[in-house]
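Place chain P on chain B using the hints.
Which chain is which? The protein sequence lines are B and P, in order.
Read left to right, the first sequence gives residues 1 to 409 (this note's numbering).
Read left to right, the second sequence gives residues 1 to 409 (this note's numbering).
If you are wondering where the hints come from, they were derived from the structure by calculation, not from laboratory data.
Only a predicted model underlies this, so the values are computations on that prediction, with no experimental measurement involved.
Simulated restraints on C-beta separations: (1) B:E314 with P:R86: 26 to 32 Å; (2) P:L147 with B:A316: 43 to 49 Å; (3) P:Q318 with B:E144: 50 to 56 Å; (4) B:L268 with P:E403: 46 to 52 Å; (5) B:E291 with P:S266: 31 to 37 Å; (6) P:R310 with B:N299: 22 to 28 Å; (7) B:T157 with P:S149: 55 to 61 Å.
Incomplete in silico selection of chain P near chain B, CB under 8 Å: (8) G193; (9) V195; (10) A198; (11) A210; (12) Q212; (13) T246; (14) T261; (15) G263; (16) A271; (17) G377.
For each residue, glycine too, the CB sits at the ideal point set by N, CA and C.
The primary structure of each chain is shown beneath.
There are 2 protein chains.
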Amino acid sequence: MNPQALAHEAIARCQQLARYSEEAGRLTRTFLSPPMRAVHEALTGWMLELGMSVRTDALGNLIGHYPGPHPEAPLFLMGSHVDTVRDAGPYDGPLGVVLGLALLKGLEGRRLPFAVEVLAFSEEEGVRYGVPFLGSKAVAGLLEPELLSLRDAGGRTVEEAIRAFGLEPAQIPQAAYARNRVKGYLEFHIEQGPVLEALGYPLGIVEAIAGQSRLEVAFRGQAGHAGTTPMHLRRDALAGAAEWMTLVEREAREEPGLVATVGLISALPGAANVIPGEVQMSLDVRHQYDEVRSLAVANLITRAQQVAQRRGLELAYQTRYEQPAVPCHPGLCDLLAQSVEAQGYRVHRLVSGAGHDAMIMASLCPSSMLFLRSPKGLSHHPDESVWPEDVEAAVRVGLGFLEKLAESS
Amino acid sequence: MNPQALAHEAIARCQQLARYSEEAGRLTRTFLSPPMRAVHEALTGWMLELGMSVRTDALGNLIGHYPGPHPEAPLFLMGSHVDTVRDAGPYDGPLGVVLGLALLKGLEGRRLPFAVEVLAFSEEEGVRYGVPFLGSKAVAGLLEPELLSLRDAGGRTVEEAIRAFGLEPAQIPQAAYARNRVKGYLEFHIEQGPVLEALGYPLGIVEAIAGQSRLEVAFRGQAGHAGTTPMHLRRDALAGAAEWMTLVEREAREEPGLVATVGLISALPGAANVIPGEVQMSLDVRHQYDEVRSLAVANLITRAQQVAQRRGLELAYQTRYEQPAVPCHPGLCDLLAQSVEAQGYRVHRLVSGAGHDAMIMASLCPSSMLFLRSPKGLSHHPDESVWPEDVEAAVRVGLGFLEKLAESS
Chain B
1 MNPQALAHEA
11 IARCQQLARY
21 SEEAGRLTRT
31 FLSPPMRAVH
41 EALTGWMLEL
51 GMSVRTDALG
61 NLIGHYPGPH
71 PEAPLFLMGS
81 HVDTVRDAGP
91 YDGPLGVVLG
101 LALLKGLEGR
111 RLPFAVEVLA
121 FSEEEGVRYG
131 VPFLGSKAVA
141 GLLEPELLSL
151 RDAGGRTVEE
161 AIRAFGLEPA
171 QIPQAAYARN
181 RVKGYLEFHI
191 EQGPVLEALG
201 YPLGIVEAIA
211 GQSRLEVAFR
221 GQAGHAGTTP
231 MHLRRDALAG
241 AAEWMTLVER
251 EAREEPGLVA
261 TVGLISALPG
271 AANVIPGEVQ
281 MSLDVRHQYD
291 EVRSLAVANL
301 ITRAQQVAQR
311 RGLELAYQTR
321 YEQPAVPCHP
331 GLCDLLAQSV
341 EAQGYRVHRL
351 VSGAGHDAMI
361 MASLCPSSML
371 FLRSPKGLSH
381 HPDESVWPED
391 VEAAVRVGLG
401 FLEKLAESS
Chain P
1 MNPQALAHEA
11 IARCQQLARY
21 SEEAGRLTRT
31 FLSPPMRAVH
41 EALTGWMLEL
51 GMSVRTDALG
61 NLIGHYPGPH
71 PEAPLFLMGS
81 HVDTVRDAGP
91 YDGPLGVVLG
101 LALLKGLEGR
111 RLPFAVEVLA
121 FSEEEGVRYG
131 VPFLGSKAVA
141 GLLEPELLSL
151 RDAGGRTVEE
161 AIRAFGLEPA
171 QIPQAAYARN
181 RVKGYLEFHI
191 EQGPVLEALG
201 YPLGIVEAIA
211 GQSRLEVAFR
221 GQAGHAGTTP
231 MHLRRDALAG
241 AAEWMTLVER
251 EAREEPGLVA
261 TVGLISALPG
271 AANVIPGEVQ
281 MSLDVRHQYD
291 EVRSLAVANL
301 ITRAQQVAQR
311 RGLELAYQTR
321 YEQPAVPCHP
331 GLCDLLAQSV
341 EAQGYRVHRL
351 VSGAGHDAMI
361 MASLCPSSML
371 FLRSPKGLSH
381 HPDESVWPED
391 VEAAVRVGLG
401 FLEKLAESS
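Looking at chain B on its own, in the form it has when it is part of the complex (with noise of 0.2 Å):
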């Protein structure tokens, strides 16, 4: 088959499995939930057509063998998750998976001098536990145990989820990869923003996955008529979050790759003609270096301070959530840069703004992921799509990459 057949049956093999969801009319499916059932057996037919040997680890992983030249050869690691948000799209997750099975379909039954294993993470969006990437933990040697006894909307803990699926939580051990047989990690997934749409190239190599601050931020100052307390006499918290929001924005603009975000925003006591004697607010910002992001928050919380010493009001913050940036491996970025220009494509580098199961191998093995155009930037969305040409790229420049990385080898 040639990369075009092979990205068609892509695209088709991530609308098939779009269509075993939990909700009828829409695609939703969570962390071992039934139609989980229907997804392996799909899987596992197109792994066994490909001659390799298909296995579910504890946690609901499964993973298809693909043999190296002899039993103890090191392995390369291919893979996404296959859960999915409420009302998903087809392709945010599954499309790494089958993009993992069309590189070894394109090699046409070769030996490659490593062992090759596709892996189709059981968890990664955190939807039915509130936590996510349970799955690459378990592959990663990182799962920590309490998170067994989480419960789900239903009351069901986790360990009891695995159970329930005819799975064995002692042995989540055992679907930790040694980490001296594991050679590396590459992860093909949707852009999910708009930065390739922009540019118009239909590839981008991942460098980084950005660390992450969230906060909350409140001014407090105090309510009062809106009619008769004229503007000197005002301590208008809404005013206060006003001129810090557009500091906020400011900042994130003039410092290259960092992102700055107030998504949730809301004032008290919330009437047209009372003037706000408190607001409440989300921050979330993201950067690829930790130092920067770590400046920028305290830059942020400095102007917030400024601007509530000026205007009379108190400010009360608190950090929620902190994940250091994690870089994807240069020797794999390389290799895959040359994959890229091999193949005619320009070479872009970006930092992924959002979480990956990539995130979590770096840690188990060199890691590396290749973006795919996002249409619009959607994801998240039914209407999330991808270019047939894409994919085709994604396809040439993976086969690529593994020639290179079979000749480095």
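Below, chain P without anything else, positioned relative to chain B:
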């Protein structure tokens, strides 16, 4: 009785009336609610002690008549409302009624060259039917007949409420005063704002009741992932709203007497990791002069259009409410100013940012208001209060005012 004793009695009477409530443990007394009967009984008793005749009109306004020299003598009116907001304080409204009675008591039986009527308006706050000024509108002959069909939360119409209170809706037209008999109207009211306290003055002469524009303003951009969308590719509706809110505040600060308030804000979809695609806000603008207010609203819309255009956002706005400004009567204001000065207080003229019965009464007759300082600017709150010295000052100024009015008659 001296002014100090009259002031203490007025305060005690407000506190007594505050016990007549629909709700246990807090003061809530809406239009024609059961506790209104107890208010009427108490007021009737105090009026009869002064030799007044007492009637209740068809809209539930209680009116005491203090005779003039002959039955055809002109009428001078004083009063305020006796309904309250939910969880109210004791002074917003009732103070104006009991101060009217205090002034008549201060006359110690003496007749003036005009009759005086003290009105306890049945409805000003708009709580029960969502529409304010029902009482004073009937007195001014302005009550729109369609208001009688409004329904309260229990499904009872205004007309039914009137009948249930033992009154006859067909007699509403007779509640309207004959225009040529009414000499003027004076209302004492707490300021409900911080201006007099900030200046250190007990009293303020209301020059005008500000006009008001209320709008809904929305910016629409593009929701997006807070991690994967670089700053330069965003169309963040909240960042646009923040920029505009800083301009709203700046423009209002630069125009003397103008107030502009964003009291309500909501950002959609409303998640910490999603760039807001839409923001909806309220805008409340008030000023003494309608032209200044209209120009300010137009300017703020132009600013919003500029912000939207520069950021690739859509702007939508709608005017929800327009209330023209109402000037108080210059002659009565001057008479009040002379009385304030004669009693040794500093004359301060100010604009009421809130609506009052005096605004409706201005269409019937020369209308005037005297504000009493509001400690901490508080009103519509159980901690609403007055300084006894300020009430005494109001009694002294009120007596002086009636004296001067009698001299000029």
